[in-house]
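**Student:** Line by line, the protein sequences give chains A and B.
Quick note: the first sequence uses my numbering, first residue 1, plus one each step.
Quick note: the second sequence uses my numbering, first residue 1001, plus one each step.
In case anyone wonders, no lab produced these hints; they're calculated from the structure.
Check the hints yourself; a few may be wrong.
[Said to hold, decoys possible] For lysine to aspartate or glutamate, the following DMTMM-like pairs were computed, each having C-alpha atoms within a straight-line distance of at most 25 Å:
#1 Lys-1007/B to Asp-1087/B
#2 Lys-2/A to Asp-1100/B
#3 Lys-2/A to Asp-1011/B
#4 Lys-42/A to Glu-111/A
#5 Lys-67/A to Asp-1087/B
[Claimed, not checked] Reference listing, derived: stretches of chain B covered by chain A, where coverage requires no fewer than 3 residues with Cβ under 8 Å from a Cβ of chain A:
#6 1039-1048
#7 1102-1111
Everything numeric in this text was worked out from a predicted model, so none of it was measured.
Every residue, glycine too, gets a C-beta built ideally from N, C-alpha and C.
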Amino acid sequence: QKEVEQNSGPLSVPEGAIASLNCTYSDRGSQSFFWYRQYSGKSPELIMSIYSNGDKEDGRFTAQLNKASQYVSLLIRDSQPSDSATYLCAVRDKGGGNKLTFGTGTQLKVEL
Amino acid sequence: SAVISQKPSRDICQRGTSLTIQCQVDSQVTMMFWYRQQPGQSLTLIATANQGSEATYESGFVIDKFPISRPNLTFSTLTVSNMSPEDSSIYLCSVFGGTDTQYFGPGTRLTVL
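This is chain A alone, in the form it adopts within the complex (with noise of 0.2 Å):
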């Protein structure tokens, strides 16, 4: 069965300071990863996909990735009490048909 793990948290970590991320996924046939942001009592949003290894940025975002040890994670630079959420690591395989498998999120909180 195909897993994809993150630690549950909740990640604490003070105002301005950068919140690291991360997740693991059990099928080496993964070809594209994403990072969602879902807010208490909202639905998932996508902030950031990623398709080949190394670093990706977008603003405070810097997704990462390693396929050779199956891990993705999401850097979130200069945090704000706004990005206080839980964060979906989601995968997709090559023969997923478009079907995402999600991790069970790690909640982050940004504290004053």
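Starting from the known structure of chain A, fit chain B onto it as the hints suggest.
**Tutor:** Same frame as chain A, now just chain B:
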């Protein structure tokens, strides 16, 4: 991008009854996805709904419990049948919009008493 609406936004139902959730998308899409998010849990795919064919169900989900309709390229319904308290969840409709981005509807929060 894709704009998705769902009805109802929330409901409280008695066990043994059924609820039909509607999903409307503002553009034509080939596949629509139905997810469930149980309290404190992540998203689990229930089924993929293609227009003009039977829905494809994931392991652990069956058509008798979660019948799906897909009458056209912008609309789908998910019915939760013979409900029990274990069905209390948020049900989310989802589509792919262009550039590999999956969009989610606002969700239907279901409580079964």
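**Student:** So is the stretch 1102-1111 of chain B in contact with chain A by the C-beta rule, three or more residues under 8 Å, or is the coverage claim wrong?
**Tutor:** holds (count 6)
**Student:** Checking one constraint from the list: CA of Lys-42/A to CA of Glu-111/A, max 25 Å. Satisfied?
**Tutor:** Holds: Lys-42/A and Glu-111/A sit about 21 Å apart, inside 25 Å.
**Student:** Check whether the Cα positions of Lys-1007/B and Asp-1087/B lie no farther apart than 25 Å.
**Tutor:** Status holds; Cα separation ~17 Å.
**Student:** Is Lys-2/A within 25 Å of Asp-1100/B, Cα to Cα?
**Tutor:** 20 Å, holds
**Student:** Taken at face value, is the distance from the CA of Asp-1011/B to the CA of Lys-2/A at most 25 Å?
**Tutor:** The hint is violated at about 32 Å.
**Student:** Within 25 Å, alpha carbon to alpha carbon, are Lys-67/A and Asp-1087/B?
**Tutor:** 36 Å, violated
**Student:** With a Cβ-Cβ cutoff of 8 Å, does the stretch 1039-1048 of chain B contain at least three residues near chain A?
**Tutor:** holds (count 6)
In summary, the numbered hints that this structure violates are 3 and 5.
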